[in-house]
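A.B. asks: Using the hints, position chain H against chain C.
There are 2 protein chains.
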Amino acid sequence: MTAAALFEGVVHGRAAVQRRAIAKAITLLESTRAEHRAQADELLTALLPHTGTAFRLGISGTPGVGKSTFIEALGLHLIGLGHRVAVLAVDPSSSVSGGAILGDKTRMERLSVHEKAYIRPSPSSGTLGGVAEKTREAMLVCEAAGHDLLIVETVGVGQSELAVAGMTDMFVLMQLPHAGDELQAIKKGVMEWADLVLINKADTDPHAATQAQAQIRSSLRLPGQHGRPENARHGALWQPLVLQVSALQGQGVDRFCAAVAQFRALQTANGQLVARRERQALAWMWERIDAGLARAFREHPQVKSLLPRMQADVVAGRVAASTAARTLLLAQATTE
Amino acid sequence: MTAAALFEGVVHGRAAVQRRAIAKAITLLESTRAEHRAQADELLTALLPHTGTAFRLGISGTPGVGKSTFIEALGLHLIGLGHRVAVLAVDPSSSVSGGAILGDKTRMERLSVHEKAYIRPSPSSGTLGGVAEKTREAMLVCEAAGHDLLIVETVGVGQSELAVAGMTDMFVLMQLPHAGDELQAIKKGVMEWADLVLINKADTDPHAATQAQAQIRSSLRLPGQHGRPENARHGALWQPLVLQVSALQGQGVDRFCAAVAQFRALQTANGQLVARRERQALAWMWERIDAGLARAFREHPQVKSLLPRMQADVVAGRVAASTAARTLLLAQATTE
Numbered sequence: 001m002t003a004a005a006l007f008e009g010v011v012h013g014r015a016a017v018q019r020r021a022i023a024k025a026i027t028l029l030e031s032t033r034a035e036h037r038a039q040a041d042e043l044l045t046a047l048l049p050h051t052g053t054a055f056r057l058g059i060s061g062t063p064g065v066g067k068s069t070f071i072e073a074l075g076l077h078l079i080g081l082g083h084r085v086a087v088l089a090v091d092p093s094s095s096v097s098g099g100a101i102l103g104d105k106t107r108m109e110r111l112s113v114h115e116k117a118y119i120r121p122s123p124s125s126g127t128l129g130g131v132a133e134k135t136r137e138a139m140l141v142c143e144a145a146g147h148d149l150l151i152v153e154t155v156g157v158g159q160s161e162l163a164v165a166g167m168t169d170m171f172v173l174m175q176l177p178h179a180g181d182e183l184q185a186i187k188k189g190v191m192e193w194a195d196l197v198l199i200n201k202a203d204t205d206p207h208a209a210t211q212a213q214a215q216i217r218s219s220l221r222l223p224g225q226h227g228r229p230e231n232a233r234h235g236a237l238w239q240p241l242v243l244q245v246s247a248l249q250g251q252g253v254d255r256f257c258a259a260v261a262q263f264r265a266l267q268t269a270n271g272q273l274v275a276r277r278e279r280q281a282l283a284w285m286w287e288r289i290d291a292g293l294a295r296a297f298r299e300h301p302q303v304k305s306l307l308p309r310m311q312a313d314v315v316a317g318r319v320a321a322s323t324a325a326r327t328l329l330l331a332q333a334t335t336e
Numbered sequence: 001m002t003a004a005a006l007f008e009g010v011v012h013g014r015a016a017v018q019r020r021a022i023a024k025a026i027t028l029l030e031s032t033r034a035e036h037r038a039q040a041d042e043l044l045t046a047l048l049p050h051t052g053t054a055f056r057l058g059i060s061g062t063p064g065v066g067k068s069t070f071i072e073a074l075g076l077h078l079i080g081l082g083h084r085v086a087v088l089a090v091d092p093s094s095s096v097s098g099g100a101i102l103g104d105k106t107r108m109e110r111l112s113v114h115e116k117a118y119i120r121p122s123p124s125s126g127t128l129g130g131v132a133e134k135t136r137e138a139m140l141v142c143e144a145a146g147h148d149l150l151i152v153e154t155v156g157v158g159q160s161e162l163a164v165a166g167m168t169d170m171f172v173l174m175q176l177p178h179a180g181d182e183l184q185a186i187k188k189g190v191m192e193w194a195d196l197v198l199i200n201k202a203d204t205d206p207h208a209a210t211q212a213q214a215q216i217r218s219s220l221r222l223p224g225q226h227g228r229p230e231n232a233r234h235g236a237l238w239q240p241l242v243l244q245v246s247a248l249q250g251q252g253v254d255r256f257c258a259a260v261a262q263f264r265a266l267q268t269a270n271g272q273l274v275a276r277r278e279r280q281a282l283a284w285m286w287e288r289i290d291a292g293l294a295r296a297f298r299e300h301p302q303v304k305s306l307l308p309r310m311q312a313d314v315v316a317g318r319v320a321a322s323t324a325a326r327t328l329l330l331a332q333a334t335t336e
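As they're listed, the protein sequences go chains C and H.
Letter 28 of the first sequence, counting from 1, is numbered 28 in this note's numbering, and no numbers are missing.
Letter 286 of the second sequence, counting from 1, is numbered 286 in this note's numbering, and no numbers are missing.
With the rest of the complex left out, here is chain C (with noise of 0.2 angstroms):
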């Protein structure tokens, strides 16, 4: 299938056609084959101008801590306002697995045989980088296609919630009711990066839940979290929400979407919704960029022959390790 015949279908087919259309594109987009890769370029850049006014919603937590369950009534609870929503995953063990079990469709069954959702798992190779990458790329297919919400999934652990806060709109962190989850979320500083923070099964201890909550929002309140001079130039800013929620109770699903609502039209209003896909697109560029250097040098004949060698001189301390790295830099600069 060519990229305008792959390009027709995500927009304009109907039905069955734009869903296989949107599963073609968004292979042709994870393939990694030379040759595939300057279809996708033209794809890409013929939807983007389709897309932009969809709203993209990060949604992070540990393992247990109810994603799923949240995600398909929220998903359902928008549909049932007229929105077309998909859900996208991150999962960065997928590349170790093989395996997704981010945005595993038999985990939201009532949403993923919806005619208006769309749900795709985690792309299953590649570096965390590539994975976000392809995500952001699946994601400009699902926006382009008429999907209004978009929901990117991941796990809290490691990098991945960093990647996907920075691919997202608004960035929600998902927490149990209990002391230890939140603390470790503030040590790894993930907190920092959440304009929502939901406490899910709150029904299942709501002392717990309520304590839990004013721990967060004190610490979300701390200095240093707040008032960024690069966020003060237009007018209010917005200040991280703590809820309550039981996703399984369907309890707290329209006080969140009215949460989101209000966040949306605070950071339209003061700018900060197009400054933040600005910065952004740029760093998402940079970090492609720079990938795409560290690919290179590493796959430099002259680079490759000198490596072991380099390394080893370093670890035994015979060479500096910044001599090491001028040196290997140069061979590669000399030999291209």
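To be clear, the hints were calculated from the coordinates, so they are not data collected in a lab.
Just to be clear, a hint being listed does not mean it is correct.
Said to hold, decoys possible - Below are the SDA-like pairs computed for lysine to any residue, each with C-alpha atoms no more than 20 angstroms apart in a straight line:
| id | chain 1 | residue 1 | chain 2 | residue 2 |
| --- | --- | --- | --- | --- |
| 1 | H | Lys-304 | C | Glu-287 |
| 2 | H | Lys-304 | C | Gly-292 |
| 3 | H | Lys-304 | C | Ala-283 |
| 4 | H | Lys-24 | H | Gln-39 |
| 5 | C | Lys-304 | H | Glu-287 |
| 6 | H | Lys-304 | C | Asp-290 |
| 7 | H | Lys-304 | C | Ala-291 |
| 8 | C | Lys-304 | H | Ala-283 |
| 9 | C | Lys-304 | H | Gly-292 |
| 10 | H | Lys-304 | C | Ala-333 |
| 11 | C | Lys-304 | H | Ala-333 |
| 12 | C | Lys-304 | H | Leu-282 |
| 13 | H | Lys-304 | C | Trp-286 |
| 14 | C | Lys-304 | H | Trp-286 |
| 15 | C | Lys-304 | H | Ala-291 |
| 16 | H | Lys-304 | C | Leu-282 |
C.D. replies: Relative to chain C, chain H alone:
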């Protein structure tokens, strides 16, 4: 002065001669002029066999926590035990302000004039990566000159703490005896890097200090903090300590030194000291390679001429970030 002459002065010079040679060697290593770089690499390679036995101690804390007072007390105490002490600084703000507050000799009046001590302020130009590289290299000079205890200080802001933790054998975080501060450190994830946390000025508020000590201890015991698999290979592992001191009164300095000695003995016995240095050296090499690749990319004529339009297209949503990245990478690769 040739690299060979500088080497002689640094390694075999006496008193004032050696002191001058150290200063000149560090100045040479800090030079960004291309013709100095070859000389600098020659000097570094010659000095390396004379390094590796000193202990490298990183000390971080927000302004006002009492770093200088503590380092002076510690340095004089160590000199009293027969050591030679060098104090270096990584100041992330020095590239902006041009001045270096850290490692300022006027703040360590007694230590700075001691013949067994050498104090060097932060390199005052370049990116944080550049400043860190210069400090690493200066550390090697001081070590080759016979300083067996190297202290690298930094302020508790931004990435500089990670840089210092990544160039030292033991990373110490200084805190004040009030809540808030240590929560900040926990939040930023810096606490995870600390091998030891010092609560300074404990005498000004003994109750708060004891409370902070308990709070930090409990946060350091959270799951995920210890028992990383890579650390579990050789015997007993270090458990981070939280100590109270009062640098101004000289209280707790001997207890701190005992803890450092304990840490060093354990890390030597379980193989972690060597493993950490090997990891640091390789990470340092790759960091300098990445920085060099990024610089060469940005300075490439074809990239320079394409970049403004590409960035504008990406920001405006006309070209996908990944497409722009590939276009720029191709432009560099095909016109070299």
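A.B. asks: So which of those numbered hints doesn't the model satisfy?
C.D. replies: Of the numbered hints, all hold.
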